[in-house]
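Q: Using the hints provided, position chains E and Y relative to the given structure of chain L.
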Amino acid sequence: MIVEFGHFALITAFILSFAQGVLPLAGASRGNIALMMVAPAAAISVALAVTLSFLALVWSFVTSDFSLALVANHSHSTKPLIYKISGTWGNHEGSLLLWILILAVYGGVMAFGSRAMPMALKARILAVQGLVSTGFLAFSLFTSNPFLRLSSAPLDGKGLNPILQDPGLAIHPPMLYLGYVGLSMAFAFAVAALITGDVDRMWAKWMRPWVMAAWCALTCGIALGSWWAYYELGWGGWWFWDPVENASLMPWLAATALIHSSIVVEKRGQLKSWTVLLAIMAFSLSLVGTFIVRSGLLTSVHSFASDPARGVFVLVILLFAVGIPLSLYAWRGPQLITTADFTLTSREGALIANNMLLVVATAIVLLGTFYPLALELITGARITVGPPYFNATFNPVMALLVTVMTIGPVMAWRRGNTARLKPVIICAACGAILSCLAVLSIGSGFGIGPMVALSLIGWLGIGISADIWLQLKPSKSSSLISRAKRIPRDVIGMWVAHLGIVVFMIGAVGDNLLNSEQVVRAKPGDVIKIANRSVTFSGVKQVQGPNYQALAAQLEYRDEQGRLFAVLTPEKRIYNAERQTTNEAAIRPTLLGDDYAVLGDGDAKIGYTLRLYYKPLISWIWGGAVLMALGGLIAAFGRQRVTKSQPTNAVTAGPLSSASKVGTR
Amino acid sequence: MINGSSLARLLFRHLHFTHTTLFTIVISILIACITAPTAIAITSEEMLSDPVLEQRARDLSKQLRCLVCQNQSIDDSDADLARDLRIEVRSQITKGETDGIILEKLRQKYGDYVLLNPPLDQGTLFLWVAPFGFIGVGIIIVMLARKQRANPRKANLNAADQTLIKKMVANRNHDNENKQT
Amino acid sequence: MSQLRISFLLPLLAFSILALIGAVALYSTLSGSRDPTQLPSVLVDKPAPPTNLSKLVQNNSPVQSSVTLASFRGKPLLVNFFASWCSPCRAEAPALEMLSKRISILGIAYKDRNDDTLQFLKQFGNPFQAIGVDQDGRTGIEWGVYGVPETYLVSADGVVILRHAGPLTRSIIDNTIIPALETLGS
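Protein sequences, first through last, are from chains L, E and Y.
The opening residue of the first sequence carries number 1 in the numbering used here; numbering runs sequentially from there.
The opening residue of the second sequence carries number 1001 in the numbering used here; numbering runs sequentially from there.
The opening residue of the third sequence carries number 2001 in the numbering used here; numbering runs sequentially from there.
I should point out that these hints are in silico values taken from the structure, not numbers from a laboratory.
Keep in mind that the hints are not guaranteed to be accurate.
What the hints assert, rightly or not - Result set (DMTMM-like, lysine to aspartate or glutamate): computed pairs, CA atoms no more than 25 Å apart in a straight line: (1) E:Lys1109 to Y:Glu2142; (2) E:Lys1109 to Y:Asp2157; (3) L:Lys523 to E:Glu1046; (4) Y:Lys2046 to Y:Asp2035; (5) E:Lys1109 to L:Asp200; (6) L:Lys529 to E:Asp1099; (7) E:Lys1109 to Y:Asp2035; (8) E:Lys1105 to Y:Glu2097; (9) E:Lys1095 to Y:Asp2157; (10) E:Lys1062 to Y:Asp2136; (11) Y:Lys2046 to E:Glu1045; (12) E:Lys1109 to E:Asp1099; (13) L:Lys529 to E:Glu1104; (14) E:Lys1105 to L:Glu376; (15) E:Lys1062 to L:Asp200; (16) L:Lys267 to L:Asp200.
Here chain L stands alone, though its shape is the one from the complex:
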């Protein structure tokens, strides 16, 4: 009964979202208030209907209702409760419904809030949202209906792929979708702007919180995915340049560019058409990502069992959702061109460089991801574009970006110089040289890539620190605290996010340069030396899990003085229902480095294969991502306060903005 109710709610949502998409658009163009008022009402109803539908599906998973095809194929009665719930989105149909749920909830929140926004703009934005959800609801209902019943229910389900039975992966998809789908808000803003042909500073100001929220979620989502790969796949890697990873990286790069360019629109009224394009691009790339994951055209370690027929539907959605806005852009975009009133050596210039590099990076990832497919179709040749390609092309672009990242924030709007520019550059350059020298004194023979990365860590880290110090330095008239209070929150957010990049780079370089590994076949009692620890393998134990049996190795970690500081128990699990084995790595994460152990095959007679790693600084990679997201949140929530009390900061220069008004008239 609940299942039928969920199905019915989904159909209702489909009809309502169609109304949400069409009526307000007509209303806004004719100035019909009643039709415009449909938008918020419909958006809230769609959000409710989809929520009910989703809850119905979760309920069938929790109660193990195997008469539902989806539950029978992807769940099992002995699974722990959390994985019954997360199993809801551990498959194509359920994850699609989650996607739609998040889209609908975003629309509902927008309908509730944003009261200051002009009615026509709000109606158009919600209408675009409605059209996107109509497409995806159709996708769900017509090709991937989660509510299909089986004619006869099996006694038990087929289970969920064991590597998906993991807390990291339970929250990874919702987080990622929160990011992907959040970008649809920016997209809706952009399409609405193209319909009216009007972009102003308020438009950017209203759009920014949505972009920031989506970006933060996407950052966390990608970091979670990478963290999952790190501990679950069992070979200590954290990024593989896999098509699905690339699919999440591309919208992230575009959204990062969008965050930066929308600042220019908001503060200076420049780069309007470009920002509109980025907003369309960011969401389009998440749709492309959906296409990659669900069509199965590009193979990946992460994707669901995929199906080209579904790809057809996503492609049709893609053609409408991206083709129409980009055509609109080609037609209307030139109207948004503004008069440039700045030199290239200015804050605007640095942000343009930032945007260009981020978009080039996006294009490289896109090219590398699709090139094998294109070449196969044209010439029939099969090639692989793997990590070496991306390291050779993507990393240099990022290096340039980091170079600009130090200079940009200390430049003034319109034309370059601030008092901070010179000292910051000098400090940053010293930092770059010192970090290089420091590492060369430890060892030599590092490649050019790591050396550049190291000097960039010094360049950016010291550069930002110098900037922070110069802005906080107590002077005669003001103390450190009173100066700190005057610094706008978005500047603090920027510092935190940019320092997050430094932290991330420290983790990535540390793991790359200092990682140590031991692969041995060990018998109980054997001692293995790795880094400066000695690891005693004291044997294996049988462990009975809730829905698996495992063999757990006991590894005693001792430091140089022989003190026991950790016992790691990597497991080899056999899942009963799915009849699959997984290797469960044991990790002891610390700030200095992770101890990482994997148990391989073997028996008591010949010994067991053990893979031990010591991965210095690797947890900084995810720490950096958390800092970036945190910085984004600070900047997003700090907005209101900044605009209320005009700070005496170079960011909003009074006389200059009045001059620019004259200039554009």
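A: Chains E and Y in isolation, oriented as in the chain L frame:
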């Protein structure tokens, strides 16, 4: 106008067709992978005793794709074929072959597909040149935008206009200062 | 303004190319002309790698002998990599049985124990003229095998004509193997 239900039926038919074929493919690959004796990625037995040679083997392994896996290098993969290829790489190294020759030999057996780093040739020329092209296009667009935006406005202003504007700016700044004080 | 205006078309252009790639790929996948799991073999139109394997000892015959590819020169040959642990190999056994009436087949037992191979042959039939044993998979690597079963058609002068990875099915035999055989004049 496309009829919704007929579209759905069409897609369903396709769905069914591809489901069964894909299912067989996936199952056959899975069975091929699972039933063969497996081990976690690399084992100590495979490793060379000379740490320098072993490091070379590891580096080479990172450049070779495990053909039956999805985007994994043979170094990362626990597939049986990956293990055979790792052993092959090591036996070539102990024979004294150079890295380039080892990669080339495997390429002659498995094609470019086995190389994670796509070699530069006719087919991949665009792949390798395009990143530079992207930067070039970016610079051209920025230049175009600046040229097109800046010029006409300057050309339209004669000397009298400019002094007028300067005067207005000065007045306005003066006004602002007055307001603040 | 016109040059700048053109740049506003670039995103649409880029997207169209991408969408076209996606559409063509989907079409060819759905119509069956593209199979992403099939890798083209580099060996096609090249001489088959020289192969010398120890022969699978059958019926307790005490003679230890070897099987070489060269001994099959002079007429077309089908080379089939199989293993007892591979279930698609069981599925293609009848197809091989059928083909063995038209062409001689060299079986290569890939990474298998001899006892298991013999058991497999007993159970599913032996369509092979001779069987070589490739215990460590080195010969498989020489041939570019990436998963059993794989079947290669070798011409009379030792050139690889085609390779099929995966189990032989009725349609593959009718649509690819038989036509290729006919062009070889067999």
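Q: If a hint holds in the structure, say so; if it does not, say that too.
A: Verification of the supplied hints:
1. A threshold of 25 Å between alpha carbons decides the hint, and for E:Lys1109 with Y:Glu2142 the separation of about 6 Å falls inside it, so the pair holds.
2. Annotation: proposed proximity of E:Lys1109 to Y:Asp2157 holds, straight-line Cα distance about 20 Å (limit 25 Å).
3. Pair hint L:Lys523 plus E:Glu1046 holds up; C-alpha atoms about 18 Å apart against a cutoff of 25 Å.
4. This hinted pair checks out: Y:Lys2046 and Y:Asp2035 have alpha carbons roughly 23 Å apart, not beyond 25 Å.
5. For a cut-off of 25 Å, the pair hint linking E:Lys1109 to L:Asp200 is broken: about 60 Å separates their Cα positions.
6. Using a Cα cut-off of 25 Å, the hinted pair L:Lys529 and E:Asp1099 is violated, with the two alpha carbons roughly 30 Å apart.
7. For the proposed pair E:Lys1109 and Y:Asp2035, the alpha carbon gap of about 20 Å is at most 25 Å, so the pair holds.
8. A hinted pair counts as satisfied when its Cα atoms are at most 25 Å apart, and E:Lys1105 with Y:Glu2097 does not qualify at roughly 35 Å.
9. Proposed proximity of E:Lys1095 and Y:Asp2157 is contradicted: the alpha carbons are some 31 Å apart, above 25 Å.
10. Restraint check: the Cα-Cα separation between E:Lys1062 and Y:Asp2136 comes to about 22 Å, which is no more than 25 Å; the hinted pair holds.
11. For a cut-off of 25 Å, the pair hint linking Y:Lys2046 to E:Glu1045 is broken: about 35 Å separates their Cα positions.
12. Distance restraint check for E:Lys1109 and E:Asp1099: the Cα-Cα separation of roughly 16 Å lies within the 25 Å cut-off, and the hinted pair is therefore satisfied.
13. Our distance criterion of 25 Å between C-alpha atoms is broken by L:Lys529 and E:Glu1104, whose separation comes to about 36 Å.
14. Between E:Lys1105 and L:Glu376 the alpha-carbon distance is near 22 Å, which keeps this suggested pair within the 25 Å criterion.
15. The suggested pairing of E:Lys1062 with L:Asp200 is violated, with an alpha-carbon distance near 50 Å, which exceeds 25 Å.
16. Restraint check for L:Lys267 and L:Asp200: the C-alpha separation of about 10 Å stays at or below 25 Å, so the hint holds.
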